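Novice: Read off the chains here:
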Amino acid sequence: MEILMLVWEYPPRKVGGLATHAYNLSLQLSQIGAEVDVVTTSFPGEPEIEKKNEKLIVHRVETYSYPAYDFINWVMGMNNSMLEYIANLATRKNFDVIHAHDWMVIPSAVGLKYLIGKPIVYSIHSTEYGRRNGIHGTMQRLIHETEGWGTYESKKIVVCSKYMKEHVAWLFGVPSDKIHVIPNGITESPPVKVDIDFRRKYALDSEKIILFVGRMVDEKGLNVLIGALPYVLKFGISAKIVAVGDGYAINRMKETAWKLGVYDKVYFTGYLSDEELNKVFKISDVLVVPSLYEPFGIVALEGMINKLPVVVSDTGGLSEIVEDGINGLKVSPNNSEELAKRLITLFSDENLRNRISELGYKTAKEKYNWREIAYETLEVYKKTTV
Amino acid sequence: MRSVLIISEEYPPKEIGKTASIVKFFSNELLKRGFLVSVLTHDEFNVGTIVENSIRVTRVSSPVRTFYSIFALETYLTTQYIREGVNIILGEKVDLIISFEWMGFLSAYMLSSKFSIPWVAVIQTSEKERSKDSFDLLSISIASIEKGLLKKASMILTNSLKTYETLINEYSIDSRKIVVVNLEAEYCVPFLLSMIIK
Numbered sequence: 001m002e003i004l005m006l007v008w009e010y011p012p013r014k015v016g017g018l019a020t021h022a023y024n025l026s027l028q029l030s031q032i033g034a035e036v037d038v039v040t041t042s043f044p045g046e047p048e049i050e051k052k053n054e055k056l057i058v059h060r061v062e063t064y065s066y067p068a069y070d071f072i073n074w075v076m077g078m079n080n081s082m083l084e085y086i087a088n089l090a091t092r093k094n095f096d097v098i099h100a101h102d103w104m105v106i107p108s109a110v111g112l113k114y115l116i117g118k119p120i121v122y123s124i125h126s127t128e129y130g131r132r133n134g135i136h137g138t139m140q141r142l143i144h145e146t147e148g149w150g151t152y153e154s155k156k157i158v159v160c161s162k163y164m165k166e167h168v169a170w171l172f173g174v175p176s177d178k179i180h181v182i183p184n185g186i187t188e189s190p191p192v193k194v195d196i197d198f199r200r201k202y203a204l205d206s207e208k209i210i211l212f213v214g215r216m217v218d219e220k221g222l223n224v225l226i227g228a229l230p231y232v233l234k235f236g237i238s239a240k241i242v243a244v245g246d247g248y249a250i251n252r253m254k255e256t257a258w259k260l261g262v263y264d265k266v267y268f269t270g271y272l273s274d275e276e277l278n279k280v281f282k283i284s285d286v287l288v289v290p291s292l293y294e295p296f297g298i299v300a301l302e303g304m305i306n307k308l309p310v311v312v313s314d315t316g317g318l319s320e321i322v323e324d325g326i327n328g329l330k331v332s333p334n335n336s337e338e339l340a341k342r343l344i345t346l347f348s349d350e351n352l353r354n355r356i357s358e359l360g361y362k363t364a365k366e367k368y369n370w371r372e373i374a375y376e377t378l379e380v381y382k383k384t385t386v
Numbered sequence: 001m002r003s004v005l006i007i008s009e010e011y012p013p014k015e016i017g018k019t020a021s022i023v024k025f026f027s028n029e030l031l032k033r034g035f036l037v038s039v040l041t042h043d044e045f046n047v048g049t050i051v052e053n054s055i056r057v058t059r060v061s062s063p064v065r066t067f068y069s070i071f072a073l074e075t076y077l078t079t080q081y082i083r084e085g086v087n088i089i090l091g092e093k094v095d096l097i098i099s100f101e102w103m104g105f106l107s108a109y110m111l112s113s114k115f116s117i118p119w120v121a122v123i124q125t126s127e128k129e130r131s132k133d134s135f136d137l138l139s140i141s142i143a144s145i146e147k148g149l150l151k152k153a154s155m156i157l158t159n160s161l162k163t164y165e166t167l168i169n170e171y172s173i174d175s176r177k178i179v180v181v182n183l184e185a186e187y188c189v190p191f192l193l194s195m196i197i198k
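Going down the list, the protein sequences come from chains A and B.
For the first sequence, my numbering assigns the number 1 to the initial residue and increments by one for each residue that follows.
For the second sequence, my numbering assigns the number 1 to the initial residue and increments by one for each residue that follows.
Source of the hints: derived by calculation from the structure; they are not laboratory data.
Values in this document were obtained by computation on a predicted structure and should not be read as measured data.
Cβ coordinates follow ideal geometry from the N, Cα and C atoms, glycine included.
Incorrect hints may appear among the rest.
To give an idea of the interface, some chain A residues facing chain B are shown, with a C-beta separation under 8 Å as derived from the structure [unchecked claim]:
id	residue
1	Gly17
2	Phe71
3	Met76
4	Asn80
5	Leu83
6	Tyr85
7	Leu89
8	Ala90
9	Gly111
Chain A with its partners taken away, still in its complex shape (with noise of 0.2 Å):
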């Protein structure tokens, strides 16, 4: 079977969490036999046309030949460029299913499927609407309307949870029969060595380390927790958080800190590299998950498959990886008195936090790997051309 990958980011164009997937869903894709061709992005350095394995070739399209003057023209210039480029590889190649990895690439896909009358699968990772919490403006509408457009171009649909499935079904009117539900995969991070000075770096040696992973932005949910953290000093446990990341309320986030009077107990770090995080994952105690909307919830599964104790808000694709008490802890939504209490349990119970860690670990490994993924993505794949 020959799979016509679209993704806008693929390593080493890391921005979010779709370039390590379409990465590691191509790779294990060409390794149980299907051919694969990715299409993203020009990268400064990286070769136009790359062949990771006989199977799997990355081909970068330049999109600055459109020098966009924002954000959706750019898009836009990027899908012409995509177009153009395809209209050239789907001469030589004979594609069987075009897959497209969210609204980004939906115009090229479905130019492309015309073209050629190969079906598209499309996974939504998100949506506008989930991601703002409502369509707001123009900008908006017209990513909500080009993601709705997506689904009713595409042959089938794959979201990361039954969270997702019911989203989309209910915001885009789709049939529940077209939605698959795949999750995302994890794969454990090199072994590391972190001593007490790198821990030093971070916190005090008394000082519990909670972590937070994620974009600094408003579903993420951070200020929740920093909400919690005076309940939890408050009754006498030293704490503090490492908030990993970047994003346009991170100086809203840092107000909420100094107004609640713990502003010298969160660093914030800015983005980390991938192996400077590993290691903070390493030296923490605790990894908080308090987003207000998660379609998957990555980030939680990051945390399992680095036996820390997780604590996530019971929404989206977080509630369904997550079994209260068993892998891991839940706390409502926008909640920081419920959240600080869950700490406080947490902080005072070594046994419960080494039973959630070894089995939060477990689920990790065995439920959310990349080749049984691969798996169910091809069934879905063959299902199109039936």
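Given chain A, work out where chain B should sit, using these hints.
Specialist: Coordinates of chain B only, in the frame set by chain A:
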């Protein structure tokens, strides 16, 4: 019967500039010479296929109703031109694709590339000329489409010597591919046919 597919953003009754009347003129001239003529054009409200004076006209709208920019509209319409263009090409053997102005260039190129059909691009003025001193990022993007895709056309028709020079000097297009003709002169269409369809 030989067949021609025309792609143009403008076609009567949608007339913004001169293009619509030139496309209409081309269509009628081709019809007179025994060609089956299909026109693919854009209309946000009056969509569908209809035969108007023996010319099959297919009007498509953008699948995304929110208007954001002319550049975004071009991208969305390209997918619809491809969809309808493939239907026409698969239904009958199309011998020639003619596209008018930049908004139809990408779809014309893709159809031409996929089905190995010669493609003639018609350009009355280039973006470089239109935008003159206010050459902003949008204009650069449109000029990039013109520059990148016109190089891939089998032939380029223009009615202006100034455009001819711009295409050569600014877009680095091979002068042998460009023909300067009066796009509304009666000899224009037979001349084009003699150049392209052997």
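Novice: Next step is simple, just say for each hint if it's right about the structure.
Specialist: Hint check results:
1. Violation of the interface hint for Gly17 of chain A is found here, the shortest Cβ-Cβ separation to chain B being roughly 26 Å, above the 8 Å cut-off.
2. At about 10 Å, the closest approach between the beta carbon of Phe71 of chain A and any beta carbon in chain B exceeds 8 Å, and the interface hint on this residue is violated.
3. Proximity of Met76 of chain A to chain B holds as hinted, the smallest CB-CB distance being about 4 Å (cut-off 8 Å).
4. Taken as an interface hint, Asn80 of chain A checks out: its beta carbon lies about 6 Å from the nearest beta carbon of chain B, inside 8 Å.
5. Interface restraint check: Leu83 of chain A against chain B, minimum CB-CB distance 6 Å, threshold 8 Å, status holds.
6. For the restraint placing Tyr85 of chain A at the interface with chain B, the shortest Cβ-Cβ distance is roughly 11 Å, beyond the 8 Å limit, so the hint is violated.
7. Look at Leu89 of chain A: its Cβ only gets to about 10 Å from chain B, farther than 8 Å, so that hint breaks.
8. Interface hint at Ala90 of chain A: satisfied, since its Cβ lies 7 Å from the closest Cβ of chain B, which is below the 8 Å cut-off.
9. Given the 8 Å rule on beta carbons, the hint for Gly111 of chain A holds: about 4 Å separates it from the nearest Cβ of chain B.
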